[in-house]
Amino acid sequence: MTMTVPLLEVRDLSVTFRTEGVVTQAVRNVSFVLGRERLGIVGESGSGKSTTGRAVLGLVPAHGSVSASRLALNGEDLRHLTQHQWSRYRGRRMALVMQDPKFSLNPIMTVEKQITEAWRLHRRTTAAEARKHAAAMLEAVSIDDPERVLRLYPHQLSGGMGQRVMIAAMLIAEPELLIADEAISALDVTVGNEVLAILDRLVAERGMGLIFISHNLTAVAGLCDRVVVMYGGRVVEECAARDLAHARHPYTRALLAAAPSLDEPRASLASVVRDPAWLT
Amino acid sequence: MTFVIGRFIPVDPVLAIVGDHATQSTYEKTRLSIGLDRPIPEQYLIYLNKLIHGDLGTSVITSQPVLTDLLHFFPATLELATVATVLGVIVGVPAGVLAGATRGRWPDQIVRVVGLFGYSMPVFWMGLVGLFVFYGKLNWTAGPGRIDVGYEDVVDPKTGILLLDSALAGEWDAFRSAAAHLVLPSIILGYLSLAYIARMTRSFTIGQLSQEYATTALLKGRSFWGMVWRHAFPNILVPLVTVIGLSYATLLEGAVLTETVFAWPGLGLYITQSLFNADMNAVLGGTIVVGAVFIGINLLSDVLYRIIDPRLRLQ
Amino acid sequence: MTSLPTQNRVDGLLALPPTQNPLSSSQARWNHAAVLTRKLGRSPLTILGLAVVVILVLMALLAPAMTGGVSPIAQDLSGRLQPPGAAHWFGTDELGRDIFARTVYGARATLAIVALVGVIVVPVGLLVGTLAGYTGGFLDAVLMRITDIFLAFPSLVLALAFAAALGPGIVNAVIAIALTAWPPYARLARAETASIAHTDFIAAVVLMGASKWRILLRHIVPLCMSSVIIRLTLDMAGIILTAAGLGFLGLGAQPPTPEWGAMVATGRSVVLDQWWVSTIPGLAIFVVSLAFNILGDGLRDIFDPKSA
Ligand SMILES: Nc1ncnc2c1ncn2[C@@H]1O[C@H](COP(=O)(O)OP(=O)(O)OP(=O)(O)O)[C@@H](O)[C@H]1O
Ligand SMILES: [Mg+2]
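Chains as they are written, first to last, in our numbering: chain G, 4 to 283; chain H, 42 to 356; chain L, 4 to 311.
So that you can see chain G by itself, here it is in the shape it has in the complex (with noise of 0.2 Å):
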């Protein structure tokens, strides 16, 4: 048994929703391996890619339901935790950042509280000592007056430096795989940028594995190592990020294709044009 055990296994992943008798398979078998590394996840909007991190966080909503034959951190089984047994990986293990600081921040409760809050859940600490993490974490997010900041309420907050936050809150104890879903998409471009430069470094800091989920297959390539490509629900695609611009599939052709870009200036972008047997 000297085989390394990957940092997340899922596969076979299904989720289905039930809403007023409409049923919505938002996941389909979905399956991948992820080591030490970053993956990201691209698709367009409701390809499921939101549902399949919450559903590795063990955040599927009730009317929802989740099977999977494999789902599993550090080898650990995920797929019959109680609540009780998931808050305990969640914050400590996993964590994740969502895409609006505006909203993911408690709009009344001061930084310091938030950040604080996942490390003092997981360790018993004296507020003290939590709040030296919390500045110290903010330092890591690139946060130049921490003792200011963690003073603050959210909407004193810029978008960039909310998204910075919420990262520290998510990492202050120190989980060892981090979900990014769309965390730079409310962000403009430049604010964004830095978000994932900082990204970035902590997670090869922190040798964490990343799972990083976006539209954006420019940032995607830049900051992956390996990308899924999920349609309906299906990974349809999966390879190399520096192999992306040769992907095979025709929807990931198709996605590039629709994507705008400054080195080759195009007069109209593709549409992406579907083929039901891709779901096949």
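Calculated directly from the structure, the hints in this document are not laboratory data.
To give a feel for the contact side, a few chain H residues facing chain G, derived at Cβ under 8 Å: (1) Q252; (2) E253; (3) Y254; (4) L259; (5) L260; (6) R263; (7) H272; (8) N276; (9) P351; (10) R352.
Glycine residues also receive a C-beta, built at the ideal position from the N, C-alpha and C atoms.
With the hints as your guide, set chains H and L with the ligands onto chain G.
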């Protein structure tokens, strides 16, 4: 507005004072003395002027200044409404949070049914049935009124709030008697306020739980109920302050029926009695006090709102 | 930084029921009605509420038949305050009148008040609200200020004052309640109008040369109608309770007309010994207002699932 109603009420206030058998001259004299001979706009201006100077006129029935009457009746209402609101908040808020957090499941259904009953119950009837069962049959509580007759003048009315007065004076028998009288009407009013507060709390809870920050809390490893109480609840508190204030104000002014059933000598009873007797100074004064209390409570909840919500705090 | 086109949902993926395109507006309406009926069918509680309301209406209409000809006002002083039994199902009151008959006939007063208040409040509220919302400006400001003044007063105290000023009686009770009940409807209608008035649909009607009044009455008022009606159903219970409260204080229907609130009041003095005199009419008030509450709640869930 009350002024308008007061002037057009078909009961003649002069007759109400002098009685049916007074002579024409007594009638005229009284009429002059309360200023009813002047044109209505002038009466209104005179009234306003007095009002500004804190003079609410004299009650034609009790022949006391209305202000004195109100100071006498208001504490009873205050006591009743306060205890009822405290009950409504203590039970209604947790029930509403529970219902919202278990939306659609059985705790939610139970809270919903309890709330619907509260909304549908005629208070005066609930009061009578309550008196019949808990006073008449079981003898667990005391009957109508604020205190047993024997204790009526035992304590000196410092605040007018009998529970406080008797406790301050160390008259524990009087305290017990006052409490026994207060239990039933305050539970009944508390139930009404509970129904309203629980319903509002529930919908606020549902709103907050659908926010993304709730998910964030779970992501950090908070348990579901930990998230509900530590993250969602403080956010609910902000609008809840307004709701509680509103419910309190409504009880202060709307306890009319309960006070009637329980012969509770409060503001509601005072206003109703005065209305029936065409004692318009009293009605006007009472309504003005009610309006002022209403505005006061709204201001207070506005202030609280600002203290709780960091987004509204002055930077 | 750009994102991929987001609007191209792949519909085939979602196992949606086949969507038929309605051929005509009447067919669309039928489809809509069918969906609502199905939702209603899934909510037994709402049906129960509806059933009680229907029974109330039947009681009011068929009172003489239901009571088997027993008069609600015939006194029998030798048979006063008899407990419920075979001769008098619900017992008799202090004048020996049959409480069952009085309760059944009492449905008439309740129903009359509720219906009349609805008939007054809905048009007044709609008119004031849509007019304010559609014309805006000075008229809007004046109408809304008036509405606010009414809203600022505690409604029961206000209704009480009106009822006392107008004198006791059913019609006056209706007027008093209606006077205090219309402002929320005006607000609702105004809010709806404000959102409708700026739609392309209304702009199109304006372009077609319709007059202001025509737009208001033919287009805006009908669109506000459904939310106003739902609100009315939700308010019915409150109206019943206020009416009963006025009756209890002696400001509603005058004796000997049977009215539930007044019946509770007459039993007040004997409640400790002859509980049925007050309890039964009070129970009737409770059941009916509960039914309206359940119905209103259910209707709101059906028409506006999000707010449930
Ligand atoms: N809570 C839910 N209830 C019902 N259906 C849901 C729910 N969440 C997601 N879905 C459905 O699942 C499918 C996949 O959604 P998901 O959010 O995972 O897509 P996505 O790839 O993240 O899209 P986007 O790029 O817009 O974020 C969609 O069809 C969506 O409608
Ligand atoms: Mg998504």
